[in-house]
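Engineer: What follows is the residue order along each chain.
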Amino acid sequence: MANMAMTKVPMPTQDGNVRRNNFDEVALGYTKEMAMEEAQRCLHCPTKPCISGCPVAVNIPDFIEEVKNGEFEKAYQIIRQTSSLPAVCGRVCPQETQCESKCVRGVKGEAVAIGRLERFVADWHREHVKDEAVKPTSNGHKVAVVGAGPAGLTCAGDLAKLGYQVSVFEALHVAGGVLMYGIPEFRLPKAIVQNEIDGLKQMGVDIETNMVIGRSESVDDLFEAGYESVFIGSGAGLPNFMNMPGENLKGVYSANEFLTRCNLMKAYKEGVDTPIQHPKRAVIVGGGNVAMDAARCAKRLGVEEVTIVYRRSMEELPARKEEVEHAQEEGIIFRLLTNPVRVLGDENGWVKGMECVSMELGEPDESGRRRPVEIKDSNFVLDVDCMIMAIGTSPNPLIRSTTEGLETNRKGCLIADDNGATTREGVFAGGDAVTGAATVILAMGAGKTAAKAMDAYIQNKK
Amino acid sequence: MYKIVEKENLNPTVTKMVVAAPAVAKKALAGQFIILRVHENGERIPLTIADYDRVKGTITIIFQIVGKTTMLLNELNEGDSILDFVGPLGKPSHVDGLKKVCVIGGGVGCAIAYPTAKALHENGADVTVITGFRNKDLVILEDEFKQVSNHAYLVSDDGSTGTKGLVTNVLQDLINQGETFDEVIAIGPLIMMKFVCELTKKYNIKTIVSMNPIMIDGTGMCGGCRLSVGGKTKFACVDGPDFDGHEVDFDEAMSRGATYREFEAREREEACNLLRKGVA
Ligand SMILES: Cc1cc2nc3c(=O)[nH]c(=O)nc-3n(C[C@H](O)[C@H](O)[C@H](O)COP(=O)(O)OP(=O)(O)OC[C@H]3O[C@@H](n4cnc5c(N)ncnc54)[C@H](O)[C@@H]3O)c2cc1C
Ligand SMILES: Cc1cc2nc3c(=O)[nH]c(=O)nc-3n(C[C@H](O)[C@H](O)[C@H](O)COP(=O)(O)OP(=O)(O)OC[C@H]3O[C@@H](n4cnc5c(N)ncnc54)[C@H](O)[C@@H]3O)c2cc1C
Ligand code: SF4
Ligand code: SF4
Ligand code: FES
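If you're matching them up, the sequences are chains A and B in order. Each residue of the first sequence is one higher than the one before, counting from 1 in full-length UniProt numbering. Each residue of the second sequence is one higher than the one before, counting from 1 in full-length UniProt numbering.
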């Protein structure tokens with residue numbers, strides 16, 4: 001008999017007042033019992049509407065069925081057929097707009113907690129099953145992957161399974177992309193990401209860190225070195241600024257810089273050499289996941305007052321609902337319908353305030369969201385000594401500017417067809433480098449699609 | 001890991017290291033830099049490629065011991081390895097088409113100026129070099145500069161070597177004598193570059209400076225290295241490090257460079273204590 005409870009089995013979390021002082025994971029994960037109880041809520045609908053909401057079409061009802069039966073390893077194997085990073089996606093997918101938005105249980109009450117179950121299954125597997133490293137037999141072909149984010153890692157894994165000798169080239173000193181340098185430890189423990197990367201290495205994937213393609217080697221060099229096809233998953237890492245006066249004052253950061261110092265360089269820990277500012281009052285400009293992460297990191301660094309400033313209203317806030325709730329529980333202040341116009345500095349060149357203007361929502365714009373418009377003469381000043389800009393990122397021009405024949409659109413995104421093929425023969429691309437800043441699961445899906453297309457390309461060339 | 005194949009102390013505070021990094025050596029050009037990390041909890045710091053050997057696959061770095069990371073780096077010896085070493089980063093210096101150039105180096109900035117002077121010299125340009133140091137003990141690369149220049153001038157703040165004075169005094173004298181240059185390239189402390197630019201602006205001599213803001217990734221990802229150049233924001237690691245000196249906002253750059261001063265002082269103190277005790 002199905003569990004007809006209207007709400008999800010609640011996720012145990014660290015208390016808001018405790019967790020805002022540490023970088024440990026916030027959501028603690030279901031126990032076996034909780035997972036099996038939640039799995040009972042799934043009706044195993046014959047039409048499987050939830051699957052249509054998942055960008056990689058995880059076989060949701062079947063894996064949940066196995067959870068219901070306590071067959072967690074079987075459940076894991078079902079997820080793994082289509083998803084390469086379940087422990088990651090279970091944690092960071094915007095489920096409420098994807099799989100869970102299509103779940104019939106969501107019509108009356110809450111959807112089945114698909115993401116939480118996926119996370120449980122992946123964690124259970126990691127803790128209980130030792131993956132045997134099976135090195136696939138080589139098919140004698142060499143391929144290269146640029147960028148070790150979710151797109152590149154997924155593409156590399158799928159190609160390795162097909163017998164390709166895969167080299168991944170990563171600019172930073174660690175692999176993982178945004179999963180390592182952007183998303184904080186308290187939302188996605190780095191050990192989990194590292195575990196996935198170690199799995200790839202065991203499969204024979206060669207990961208070369210400290211390699212900036214476009215500088216250390218060009219895409220042409222890779223072809224010359226005998227790679228038959230190249231996948232570009234270089235992400236969208238170039239931070240945008242607003243170009244307003246005072247933006248280069250001390251104490252103004254891009255979210256990327258602040259998060260990189262905090263996550264990649266672990267500046268929050270004792271005994272680490274990378275410095276980070278410890279301000280008293282910080283303001284974060286923007287309303288996406290990146291803004292929430294920056295705000296919550298700031299709180300954990302001991303900032304007394306952390307405010308998020310966003311130019312639309314709560315309804316349009318693009319961050320995941322769960323992250324907004326978590327941020328609120330941790331004491332982050334939200335100032336909506338507010339936009340910065342100018343940064344004010346003190347005599348030593350440090351930020352001392354941010355001048356803002358109030359906004360109201362007007363007619364809908366191209367995106368269908370109501371356009372924020374300034375309210376005249378509503379300017380006011382927020383007293384802050386730190387300001388973090390989280391207003392979006394664009395693809396880095398380094399690769400396109402050093403690779404002949406690689407076309408981009410107006411926004412600098414690589415042009416690729418549905419299979420990930422770019423305008424240059426043999427070069428494929430996917431993830432944020434093609435779509436602009438998007439999601440982990442879409443990047444992963446693009447990596448998978450491209451792997452298939454690269455295989456077909458190489459097999460047809462023979 | 002990147003092995004140190006040679007180490008030499010050029011003076012009490014400046015060290016030269018030759019590091020095995022074949023991938024970097026293959027592509028390196030004058031004006032570019034690397035970013036390194038000494039240990040697992042270490043900071044990423046940029047250093048200019050002072051020289052390279054494509055055949056041996058090595059990169060030469062010359063660094064001044066100013067704080068924790070450079071102290072720890074200086075503790076490593078021949079045969080030891082550097083954990084991370086990535087490059088070449090940044091745009092190479094522009095040397096083509098220049099016929100007569102004045103290269104000015106201040107202090108450890110000479111290490112950055114040297115590869116550019118060398119590249120210009122190899123390109124057949126007439127190279128005048130002006131180097132400035134606080135005193136005689138701090139002089140580096142004196143012979144090397146002589147080999148890659150047509151005229152070399154050395155000044156020191158206290159007159160203990162070369163002529164007493166500032167690099168700008170020499171440049172002013174040369175201009176007064178009627179010397180002309182296609183370009184002046186000035187590399188050294190921000191304040192020195194600022195004064196060189198003020199001088200050359202008066203005479204309308206194009207001046208290139210090499211900027212060294214605080215960096216992390218060096219790939220254009222963090223924006224921490226941003227500068228105002230001609231009123232626009234530029235990322236030094238990808239748009240530079242060379243910029244038109246007449247367009248750079250030096251005051252802003254100086255202010256931003258001091259962001260972590262207190263932290264750095266603390267770390268330096270700590271590193272000194274550790275090194276004294278022989279723990280690190
Ligand atoms: C703070 C933050 C929070 C986020 N939160 C979420 C979330 O909760 N849920 C969600 O689904 N998505 C989230 N996202 C978005 C998600 O992380 C990205 O969409 C996803 O990581 C894109 O994957 P990718 O592989 O395309 O690129 P990336 O993850 O950006 O990886 C690209 C990699 O390529 C490397 N690279 C770049 N240029 C070169 C070069 N020239 N040579 C070699 N290597 C290069 C980079 O160093 C990087 O490692 C978040 C993003 C950020 C920044
Ligand atoms: C493109 C570039 C090329 C450079 N080339 C050389 C070189 O060839 N030789 C040389 O001696 N120095 C060079 N520098 C400066 C060198 O990076 C700093 O001296 C070094 O980072 C100091 O680190 P520290 O921990 O020893 O000292 P700290 O005590 O941490 O800092 C001392 C000073 O160094 C600067 N600095 C600190 N951290 C960084 C960082 N992450 N990035 C950049 N600057 C920083 C700041 O101005 C700081 O006040 C270069 C800098 C840049 C940006
Ligand atoms: S991968 Fe993401 S969207 Fe797909 S089922 Fe899992 S949580 Fe839902
Ligand atoms: S829609 Fe919901 S209830 Fe139906 S099968 Fe999918 S998860 Fe289960
Ligand atoms: S060092 Fe990060 S953008 Fe230049």
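Treat the hints as calculated values from the structure; they're not laboratory data. This one's a predicted model, so the numbers in the text were calculated from it and none came from an experiment. There may be inaccurate statements among the hints.
Unchecked claim - Simulated restraints on C-beta separations:
| id | chain 1 | residue 1 | chain 2 | residue 2 | range |
| --- | --- | --- | --- | --- | --- |
| 1 | A | D131 | B | E270 | 50 to 58 Å |
| 2 | A | K269 | B | T161 | 20 to 28 Å |
| 3 | A | Q194 | B | D244 | 40 to 48 Å |
| 4 | B | E6 | A | M244 | 47 to 55 Å |
| 5 | B | K99 | A | N460 | 47 to 55 Å |
| 6 | A | E425 | B | R134 | 52 to 60 Å |
| 7 | B | G257 | A | A191 | 12 to 20 Å |
| 8 | A | V272 | B | T180 | 48 to 56 Å |
| 9 | A | K321 | B | P22 | 19 to 27 Å |
| 10 | A | I415 | B | N123 | 35 to 43 Å |
| 11 | A | E355 | B | R266 | 32 to 40 Å |
Quick reminder that beta carbons are idealized off the backbone N, C-alpha and C, glycines included.
Engineer: It remains to establish, for every hint, whether it holds in the given structure.
Structural biologist: Against the structure, the hints come out as follows:
{"no.": "1", "hint": "A:D131 <-> B:E270: 50 to 58 Å", "result": "violated (42 Å)"}
{"no.": "2", "hint": "A:K269 <-> B:T161: 20 to 28 Å", "result": "violated (45 Å)"}
{"no.": "3", "hint": "A:Q194 <-> B:D244: 40 to 48 Å", "result": "holds (44 Å)"}
{"no.": "4", "hint": "B:E6 <-> A:M244: 47 to 55 Å", "result": "holds (49 Å)"}
{"no.": "5", "hint": "B:K99 <-> A:N460: 47 to 55 Å", "result": "holds (53 Å)"}
{"no.": "6", "hint": "A:E425 <-> B:R134: 52 to 60 Å", "result": "holds (57 Å)"}
{"no.": "7", "hint": "B:G257 <-> A:A191: 12 to 20 Å", "result": "violated (36 Å)"}
{"no.": "8", "hint": "A:V272 <-> B:T180: 48 to 56 Å", "result": "holds (51 Å)"}
{"no.": "9", "hint": "A:K321 <-> B:P22: 19 to 27 Å", "result": "violated (50 Å)"}
{"no.": "10", "hint": "A:I415 <-> B:N123: 35 to 43 Å", "result": "holds (38 Å)"}
{"no.": "11", "hint": "A:E355 <-> B:R266: 32 to 40 Å", "result": "holds (33 Å)"}
Checked against the numbered hints above, the structure violates hints 1, 2, 7, 9; every other hint is satisfied.
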